[in-house]
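Colleague: Residues per chain are reported as follows:
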Amino acid sequence: MAQAGVIKGTVPAVSSAERLFDGRVSRIRLLTCVGLIALWEVVATLGSYGILYNDVVPHIWHIVIAVFYELISASFYRDFGMTFAAHSVGFISGASIAVLVGIWLGTSKLIREAMLPYLNAIGSTPKIIFLPIIFLMFGVGIESKMAKGAMSAFFPVVFTTTLGMMLINPVLIRVGRTFNLNKWQMITKIYMPAMVNPVITGFRLGVAITVIGVLVAELKFADGGLGYRLGIYYEQFQIAPMYAVIVLIFALAAAANSGMTKLQDRVNRHMAPTTSKGKKARASASGGLGVVN
Amino acid sequence: MTRLHKVPVIVGLFGLLACAVLLELAVNFGWVMEIIVPRPTDTVLSFPSLQEDMDLVGNFFVTLGMTAAATALALLIGLPFGYFLYRREAYGVAYEGWLAAAFSTPIVLLYPLFLVIFGRNHMTLIVMGCIPGAIPIAIQTRQGLLGVSKTLLNVGRSFNVSERDMFRKIMLPSAVPTIFTGIRIGVMYTLVNIVAIEYLIDFGGLGRIVSQMYDNFSIPETYAAIVAVILVSTFFYWGFGRVEKWLRPV
Chain H
1 MAQAGVIKGT VPAVSSAERL FDGRVSRIRL LTCVGLIALW EVVATLGSYG ILYNDVVPHI
61 WHIVIAVFYE LISASFYRDF GMTFAAHSVG FISGASIAVL VGIWLGTSKL IREAMLPYLN
121 AIGSTPKIIF LPIIFLMFGV GIESKMAKGA MSAFFPVVFT TTLGMMLINP VLIRVGRTFN
181 LNKWQMITKI YMPAMVNPVI TGFRLGVAIT VIGVLVAELK FADGGLGYRL GIYYEQFQIA
241 PMYAVIVLIF ALAAAANSGM TKLQDRVNRH MAPTTSKGKK ARASASGGLG VVN
Chain W
1 MTRLHKVPVI VGLFGLLACA VLLELAVNFG WVMEIIVPRP TDTVLSFPSL QEDMDLVGNF
61 FVTLGMTAAA TALALLIGLP FGYFLYRREA YGVAYEGWLA AAFSTPIVLL YPLFLVIFGR
121 NHMTLIVMGC IPGAIPIAIQ TRQGLLGVSK TLLNVGRSFN VSERDMFRKI MLPSAVPTIF
181 TGIRIGVMYT LVNIVAIEYL IDFGGLGRIV SQMYDNFSIP ETYAAIVAVI LVSTFFYWGF
241 GRVEKWLRPV
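Protein chains in written order, with this note's numbering: chain H, 1 to 293; chain W, 1 to 250.
Keep in mind that the hints were calculated from the coordinates and are not lab data. Check before you lean on any hint, since a few could be wrong.
Derived pair list, reagent style DSSO-like, types lysine-lysine, alpha-carbon separation capped at 27 Å [stated by the list, open to error]:
#, chain 1, residue 1, chain 2, residue 2
1, H, K109, H, K189
2, W, K6, H, K109
3, W, K6, W, K169
4, W, K245, W, K150
5, W, K245, H, K109
Only a predicted model underlies this, so the values are computations on that prediction, with no experimental measurement involved.
Construct all of the structure, not just a fragment, from the sequences and the given hints.
Modeller: This is the structure:
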């Protein structure tokens, strides 16, 4: 009974400490938000009196109003549609090619060791630098944005897929061979299920990087899209709408990232350990294979 | 390097050479339009003229200098901030998620804002390069210090080591590999952002050369400038990878 009393006494003590800590974390976050908003408003007020960065930092309510006007504007949805189409086509095509190349690199050690230094070299290069080549090949229309999106998506997915292939438990591969599975069956029954987690990690990274790739291409040369819209507002010095587009882009990027993270968490919950050491491959494990941008 | 290790290198080089020869033949036979993809030999031969007209080496040092300045600024911000996040656990928990989220946002899109604030000068490039560099440095500094082995800390305590010596002699050496991983990622993202902004605003070093050569429709020179950027990125990636390997305990 005494033991039960001790247990009864200690459990709430630990949880209350945790609750206190969580409360402190929430307070810090709230105070930081309030502080940042106050700082922003101070700079905006100084700007409106012509003391500091005149008109560069608009009041927050101006941005909120601009966001509202963007959301009720038909042209915003046309631009959003163009960016979304370029992103979707670019991501799907780039990621599909990357998965196939990743499987190829993962199954052949010689090809992997021969090609990875070159893939790493291009993977660590700012992809924006390839825009002239893409514009020469695909023109300045939406096709070039799709191509840029595909290029951006390719590298994170190929690195994580290759890593996923390398981390597959050898026992699974031996089991497949014992059952005389052909190459296609090995891919669909052994490789693919075993490397779902790293591939999804690559997809998550790829979605975020494709957004940046497409928007940057639209900023340079385009006739539509959210990046183009941002550039136009900047050139016309319409600062509040410019911030509004940035806020909406960041919100959409965060939503895409959050959706992919949830998908990954869901897969994680359903997947058994798949690596040779009984651990799931993590996204951060791809860091050694290449910096992607 | 043993003979066995040389095989993939030879295969890789042979593959690269084969691609270059095939491309040369494709352009010669008119299968690929020369105004879209120049002959590899033309690209290589345009390096001297690129140096003469655009001072390729000088601009390399411009990009390098700005990357170094932005990295120094990122280290000045990231390291103390990462240490602060380690020391104050509640702040670490509160801010780490935000930092990770900020790292995945398209910071490069804020360049119009920075142009308006700082103007079209090197300061814009340095500040914009510094932001994505400081975030991984701060995160990895916190992670590195959090990951110090409890056994090592207990050994230090049993020797009655002062707080300062504990940090200098135990925590810092054991966190260095993780911190350096953050620095490597930070430097790469700093370089990527600086070259991207150079290209977008047509100002600065190597990114500006690519932009100007493309605007002039000097196709072999554009390709040569792109190759130069790839070489610089590879050098950075390889160099920092070597140092990181050296710092990591076996």
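Colleague: Does each hint hold? Answer for all of them.
Modeller: Hints and how they fare:
The straight-line distance between the Cα atoms of K109 of chain H and K189 of chain H is roughly 21 Å, inside the 27 Å bound, and the hint therefore holds. Using a Cα cut-off of 27 Å, the hinted pair K6 of chain W and K109 of chain H holds, with the two alpha carbons roughly 13 Å apart. For the given pair, K6 of chain W sits about 41 Å from K169 of chain W by alpha-carbon distance, which is inconsistent with the 27 Å threshold. As the CA atoms of K245 of chain W and K150 of chain W are separated by approximately 24 Å, the hinted pair is consistent with the 27 Å bound.
Annotation: proposed proximity of K245 of chain W to K109 of chain H holds, straight-line Cα distance about 22 Å (limit 27 Å).
Checked against the numbered hints given earlier, this structure breaks only hint 3.
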